[in-house]
Amino acid sequence: MRDGDLLVVRLSDGEDLFETLKQALKAEGVHAGIVVAGVGMLKEPGIAFYKGGGEYEPVPIKEEVEICALAGNVAVAEGDIFLHLHVTLGTSSGAALGGHMTGGKVHMAAEIAVRILQKPMSRVLDEKIGLRTLRFE
Amino acid sequence: MRDGDLLVVRLSDGEDLFETLKQALKAEGVHAGIVVAGVGMLKEPGIAFYKGGGEYEPVPIKEEVEICALAGNVAVAEGDIFLHLHVTLGTSSGAALGGHMTGGKVHMAAEIAVRILQKPMSRVLDEKIGLRTLRFE
Amino acid sequence: MRDGDLLVVRLSDGEDLFETLKQALKAEGVHAGIVVAGVGMLKEPGIAFYKGGGEYEPVPIKEEVEICALAGNVAVAEGDIFLHLHVTLGTSSGAALGGHMTGGKVHMAAEIAVRILQKPMSRVLDEKIGLRTLRFE
Chain A
286 MRDGDLLVVR
296 LSDGEDLFET
306 LKQALKAEGV
316 HAGIVVAGVG
326 MLKEPGIAFY
336 KGGGEYEPVP
346 IKEEVEICAL
356 AGNVAVAEGD
366 IFLHLHVTLG
376 TSSGAALGGH
386 MTGGKVHMAA
396 EIAVRILQKP
406 MSRVLDEKIG
416 LRTLRFE
Chain B
286 MRDGDLLVVR
296 LSDGEDLFET
306 LKQALKAEGV
316 HAGIVVAGVG
326 MLKEPGIAFY
336 KGGGEYEPVP
346 IKEEVEICAL
356 AGNVAVAEGD
366 IFLHLHVTLG
376 TSSGAALGGH
386 MTGGKVHMAA
396 EIAVRILQKP
406 MSRVLDEKIG
416 LRTLRFE
Chain C
286 MRDGDLLVVR
296 LSDGEDLFET
306 LKQALKAEGV
316 HAGIVVAGVG
326 MLKEPGIAFY
336 KGGGEYEPVP
346 IKEEVEICAL
356 AGNVAVAEGD
366 IFLHLHVTLG
376 TSSGAALGGH
386 MTGGKVHMAA
396 EIAVRILQKP
406 MSRVLDEKIG
416 LRTLRFE
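Residue numbers (our numbering), protein chains in the order written: chain A, 286 to 422; chain B, 286 to 422; chain C, 286 to 422.
Hints may contain errors.
Since the list gives no way to pick out one identical chain from another, each pair is judged satisfied if it fits inside one copy or across any two copies.
[To be verified] For lysine-lysine, the following DSS-like pairs were computed, each having C-alpha atoms within a straight-line distance of at most 25 Å:
| # | residue 1 | residue 2 |
| --- | --- | --- |
| 1 | Lys347 | Lys328 |
| 2 | Lys413 | Lys336 |
| 3 | Lys328 | Lys413 |
| 4 | Lys404 | Lys311 |
| 5 | Lys404 | Lys347 |
| 6 | Lys311 | Lys347 |
| 7 | Lys328 | Lys307 |
| 8 | Lys347 | Lys413 |
| 9 | Lys336 | Lys404 |
| 10 | Lys336 | Lys311 |
| 11 | Lys404 | Lys307 |
The hints are simulated quantities; they were obtained by calculation from the structure and are not laboratory data.
Start from the sequences and build out the full structure, keeping to the hints where you can.
Have a look at this one:
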């Protein structure tokens with residue numbers, strides 16, 4: 286649902302978070318945005334810690350988790366929408382995990398809000414740090 | 286304080302977070318929104334992990350905590366404003382806890398920002414997952 | 286980059302997060318705002334837990350960390366821009382830490398979004414709780 290410059294996306298059980306969010310953005314013609322809120326649950330969540338040199342250390346998570354916070358942005362990289370998301374997860378004990386988000390399927394339901402930007406944002410590889418950093422032109 | 290489509294709410298020591306936020310939303314005639322930021326502290330915080338079938342496993346927290354992140358949304362369920370909030374909490378050791386927020390009183394102070402939506406959002410029970418999921422009509 | 290009421294700030298390796306964000310806000314003439322999203326990494330991160338009476342208990346963090354979530358606001362205190370930020374950090378093991386943010390240098394890169402407010406916000410010391418609380422006039 287779009288309300289002015291805000292896109293609210295409702296995701297259903299089993300949906301791939303990245304793919305479903307990308308599809309919703311494409312359906313609205315959005316190429317740049319800021320992920321301002323995300324709640325719900327994930328199964329098969331993927332988070333990772335950046336070690337440098339383009340390499341991430343994956344953090345194994347076997348259980349279903351609550352999405353406590355989701356933040357990041359939408360830009361264009363190599364002609365396609367690119368989502369850069371960091372996530373905070375709540376386990377069944379309440380202990381929180383967090384890091385760079387690499388994937389995950391929605392468990393039960395999820396709700397994500399994206400502030401749509403009119404100006405373009407892209408990502409270009411910065412060889413010094415091994416990451417595609419944000420560009421505003 | 287309302288600034289265009291953003292409502293900034295300042296909460297004081299001892300106030301119930303859900304009740305005070307609801308009152309501030311009602312005072313502005315807001316029935317739909319996205320909680321985009323929240324900081325401050327809580328005492329008697331309530332978080333829980335969703336087990337399915339409409340049941341949450343409560344996570345006991347005895348201490349006062351920092352609110353590291355607060356996210357979620359405002360919709361209408363059964364004729365009243367319904368807040369769906371997830372929270373990340375910082376304990377005195379720095380270890381973070383997080384989950385679905387079930388309650389909490391403000392400790393010292395808290396500051397919450399809500400992006401007001403013009404279009405309605407409601408919640409209707411989805412019997413398959415046992416939760417009231419978000420609807421846009 | 287400014288897109289209407291949203292300021293997107295890209296920070297580079299080694300930059301002081303507070304100083305760089307303040308400079309970006311000043312360059313746009315922003316005196317009030319809400320930090321709605323922040324991702325990236327930090328080195329020498331500083332977080333703390335508020336004990337009351339104006340005293341914070343610092344939480345020692347020696348390692349580089351992911352910024353999982355960043356929230357807070359921009360106001361004016363004693364004639365200068367004042368950032369009140371809370372942060373959730375992801376360590377290399379995935380365990381999350383969080384609290385009131387006292388400082389930190391960007392590791393690799395960081396991306397922060399601020400919703401600019403037109404109405405002023407200031408901070409004035411509330412002697413009862415020992416904190417400079419938010420005021421809307």
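Against the structure, the hints:
For a Cα distance limit of 25 Å, the shortest separation of Lys347 from Lys328 inside one copy, 8 Å, qualifies, whereas the shortest one across copies, 29 Å, does not. Taking the shortest alpha-carbon separations for Lys413 and Lys336, only the intra-copy value of 13 Å comes in at or below 25 Å, while the best inter-copy value is 41 Å. Taking the shortest alpha-carbon separations for Lys328 and Lys413, only the inter-copy value of 17 Å comes in at or below 25 Å, while the best intra-copy value is 34 Å. For the identical chains of this complex, Lys404 and Lys311 are neighbours both inside a copy (16 Å) and across copies (21 Å), given an alpha-carbon limit of 25 Å.
In this assembly of identical chains, the alpha carbons of Lys404 and Lys347 never lie at most 25 Å apart, being 39 Å within a copy and 38 Å across copies at closest. With identical chains, the CA atoms of Lys311 and Lys347 are never at most 25 Å apart, being 31 Å at best within one copy and 41 Å at best between copies. In this homomeric assembly, Lys328 and Lys307 come within 25 Å of each other (Cα to Cα) only inside a single copy, at 19 Å, whereas the closest approach across copies is 31 Å. In this assembly of identical chains, Lys347 and Lys413 lie within 25 Å of each other by CA distance solely across copies; the values are 23 Å between and 34 Å within a copy.
In this assembly of identical chains, Lys336 and Lys404 lie within 25 Å of each other by CA distance neither inside one copy nor across copies; the values are 31 Å within and 42 Å between. For the identical chains of this complex, Lys336 and Lys311 are neighbours neither inside a copy (32 Å) nor across copies (33 Å), given an alpha-carbon limit of 25 Å. Taking the shortest Cα distances, Lys404 and Lys307 sit within 25 Å of each other both inside one copy (18 Å) and across copies (22 Å).
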